[in-house]
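Asks: Starting from the given sequences, assemble the full structure and let the hints guide the process.
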Amino acid sequence: MRRRASSNARLPAGGDVERSKILNFTYEGRALRGFAGDTLASALLANGVSVFGRSFKYHRPRGLLAAGVEEPNALMAVGSRSARRVNVRATEIELEEGLDAAPVNCWPSARFDLASINDVFSRFLSAGFYYKSFMWPSWALYEPMIRRAAGLGVPSSTPDRSIHDNLYAHSDLLIVGGGAAGLAAARVAAAAGARTILVEQDVHLGGALRWRGGEVAGVSARAWIDEVEAGLEARVRVLTRTTALGYFDHNEVLLSERIAGDAEGRTRLWRVRAKQVILAVGAIERPIVFPGNDRPNVMLASGVHRYLGQYGVRVGRRLALFANNEAAHDLARAYAAAGGEIAAIIDPRSAPAGGDGSRIEGEIIATEGGGVGDPAVRAILVRGRDGARTRIEADVVAMSGGWSASLELFRQSGGRGGFDNDAQAFLPAHSVQAEQSAGACNGALGLEQALEDGHRAALAALGRLNLKTPELAAPSGSSASAARAAAARAHRVAAKGRAFVDFQNDVTASDIELAVREGFRSPEHVKRYTTLGMAPDQGKTSNLNGLAILADLSGAALSSFKGPSHRFPYTPIALGALSGLERGALARPYRMMACHDAHVALGARLEEYGSWLRPAFYGVDEKAAIEAEIDAVRHRAGIFDASPLGKIEVKGPDAAKFLDRVYANTMSTLKPGRLRYGLMLNEFGIVIDDGVTARLSEDEFLVGTTGAGAERISAMLEEWLQCEWRELDVVIAPVTQAWGVVTLSGPKARAVLVAAGVDFDVSPEAFPHMHLRAGVVAGLNARVARVSFTGEVSFEVSVAADVTGVLWRKLSEAGASLGLKPVGIEAWMHLRTEKGFLHIGADTDGTTNALDVGWSHVLKRKSDFIGRRSLMRVADQADDRPQFVGLELLDGQTLLPVGSHLREAGADGPSEGHVTSSVYSRVLVRPVALAMVRGGRRRMGEIVHVKTKAGTRRARIVTPGGYDLEGARLEA
Amino acid sequence: MLLISCPWCGPRGESEFVFGGEAHVTRPEFDAASDVEWGAYLYDRNNPKGVNLERWRHAHGCRQWFNVARSTTSHEIIAVYAMGEAAPEGVR
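First to last, the sequence lines map onto chains A and B. Heads up, the final residue of the first sequence is numbered 972 in the numbering used here, and it's a clean run with no missing numbers. Heads up, the final residue of the second sequence is numbered 1064 in the numbering used here, and it's a clean run with no missing numbers.
Derived by calculation from the structure, the hints in this document are not laboratory data. Nothing false has been slipped in among the hints.
With a straight-line cut-off of 20 Å between C-alpha atoms, the simulated EDC-like cross-links for lysine to aspartate or glutamate are:
| # | chain 1 | residue 1 | chain 2 | residue 2 |
| --- | --- | --- | --- | --- |
| 1 | A | Lys657 | A | Glu700 |
| 2 | A | Lys57 | A | Asp119 |
| 3 | A | Lys862 | B | Asp1007 |
| 4 | A | Lys860 | B | Asp1003 |
| 5 | A | Lys496 | A | Asp552 |
| 6 | A | Lys862 | B | Glu1001 |
| 7 | A | Lys657 | B | Asp1003 |
| 8 | A | Lys275 | B | Glu1048 |
| 9 | A | Lys862 | B | Asp1003 |
| 10 | A | Lys275 | B | Glu986 |
| 11 | A | Lys860 | B | Glu1001 |
| 12 | B | Lys1021 | A | Asp249 |
| 13 | A | Lys860 | B | Asp1007 |
| 14 | A | Lys657 | B | Glu1001 |
Replies: Here you go:
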């Protein structure tokens, strides 16, 4: 079981690596070295690593298939435990000093993985094996075990602390892809002066030009790339290391930019809105489907070529090339030039065009490795067209089954396309958005064609932007294979043995055969049955091969298939990158009240109420604090910060008319300086908000809403004014945050107000309940409203928001000797419940109409109001609807839990209603509950049974509340 | 994300706007409409494949309502026009 010494070699020169800059890194705990400019993949190859992980289902040892974004096998976990990123492709991890990486989905290591036992039982794990094997007695029994065995890397268990930036950008032109076509387009855009963004997912511009070689415009490809890049400076925003992940409506493209050298692996998320988009995203090479094609060191020809050309790493020493197209043959020349041997060139076509006689016309039908612990290929078995079998020693196999245009972004943009027989790929045909495809993703596979196509697309985009097109000729290009770059059919070798189609999800050709045998025909069904193309890579290397096999087996033409749909994101993205700064405390920021600090200083327990951070109570012991606050209001006085209550100014000659339509009750009869409680409905007759409204003058009202309703109701008023009643001369202004409101409530409230100083008569005769006065309170200009939420005499003092703190302090000082206590929301709600006041949203829900809360008198109104017609329907007037009532408990002092259901005494039918509010009233010395009960108002006095966890309770239906029913304390 | 041209503020991202449902729904008189007519006003909406006339509000901007003619298949915005105006000729 000795491992062969690797024959991979780092070339002495060439590529983008800086051989003078050595970087130390760790892989599976081993200390290794690479160069600046390496990816983790290229550095590991240079260190002789051939096994990069284990496959998803069978845990087969896998090596690199590719060198780019399409790599399905080499998924890595990077970083330490606390900041670990998982399932990152080794081909996209830039090597850095101190990098710590390990493959996912294997234990204890990639070379020896215990779960590879799955491979032995692989014939039981075919397509649909879950559904067939794990049904008896129940799937639920097997699911946890299977979930544990499947899956990829384990993410860090601690929260991702990295903050990823979100940016926005606008441009005339967005070019996605910095290869030959993209550069040709960017060159034109720069010359024309169009505001342009060029996006390239790799570290450098150039795409395949960087490693495939050739000449452009008479100079070497690399020289041309540098020249174009220099010309873009200052005119085109070039974003390298940036992947376009999604294409959304109206030309919005989402980009993810990796930050170079960032230890946390953070990304910037760009939302770019471009007037025109050019997709020059290239094509991805297809594997050939043959038995043993997933053995380490069996790679895509483009992968072997790129490691050679861009990273100076030669994989293996003896190359077998298995390709059915001419472009792949460039590799043989480059490999030989790098000191490698060509073991064989195998071409499945008969008398391939351009064949030079050295090729074997045939197919690889098996691969052979070095045994357990050394799975990398060392020989292949070739079957010639004549049937002759030859064993050929080779330590790397490069395969090419043609190229598939990358249509992911095009499809996301809504574009439609179909299978193109000339290109043997799905190609874009019809754009829906302001977008064009150019280069290999548009079927222009050769260098010459790609350059021309990019140039053409840029000129067309400039035309659509009405920009002057520059006098510029398309660059001419030539590469060894350019003239011969021909389309190739997806190829599958008919031979025994497992031939992989989808490497990331472990789907073989026989899985597709099984699906077809079992009657699946639609690509969408086959996909779901076999999981073909459903891995995180969304089938970048497998979709077309899978469809071609399905077409062959089912007798359908490939062109009859729609082709796969693709969804955001093109490559995986961290959730933290999507949320950006909107996380933690910033995800949904609280609103702070003007005298927040005063509440904190008083020891308030702050909680969220309708996005406001408000004092729930003051103190540490919740129960004791709330009781003390309740007692203060009932017997002395409480001070309460009511600032979040919604306030909307409604002004204009038609203001009264408007409010008559907005409220279920009449507002136009209200006199200036007076207040009135109002109920608002929606068009369905449902109660949506309530509050006290003041008439400030003949044509000016101040509408009061609940705290939670402030924004909602002002938006609703705007909608009715702007959309329905445009003839009304009314303007509205939401002014909630402009005012600070401090409420004094309790028998001593008036005394506190007087002690603080008020410049008008506040006696009950001069200033009765439901009246409003303007004046000076505690030295501040103020409005004072006599309105009560608690059932006690109350003064609601409003001042400019910025002096709320002053008012709070002065009133508190004035009340200190009178027993004034700060009161939080919890006590406030308790007080309203024992008084029997309705609380919208607590006692009502989305089915409660105005009649259900006892407002049938509104139907007597002669004029229309929002929701009126709905209240006239029979069902809305039915007398068995749940109606708002009080409950008096007949059996003891314990509280009724809110939400308890009740029934007619002795009956066993369905629920007759439920408890909506419940408190123990300290002033009445008994529990008080409010409820919605079917036909409740005509059942006053009836005894009902309430079902609770502690047993059945007895209660009598009564008028809500029970405290100060005559309202003497309120009016005092 | 749609790019919507607010008649007052110019082109802005969809996240600044609130969708307000179908445009040109006529509100019947409360004392003239039958239950069926009122029910249709409350609940019946078009769901066209093609051009939809709808209302939008620039909620995180000028707070103004306006009408939009939008294709439900391509999401293309064909026209933006003021509240109270009829859809431009040829839009539907």
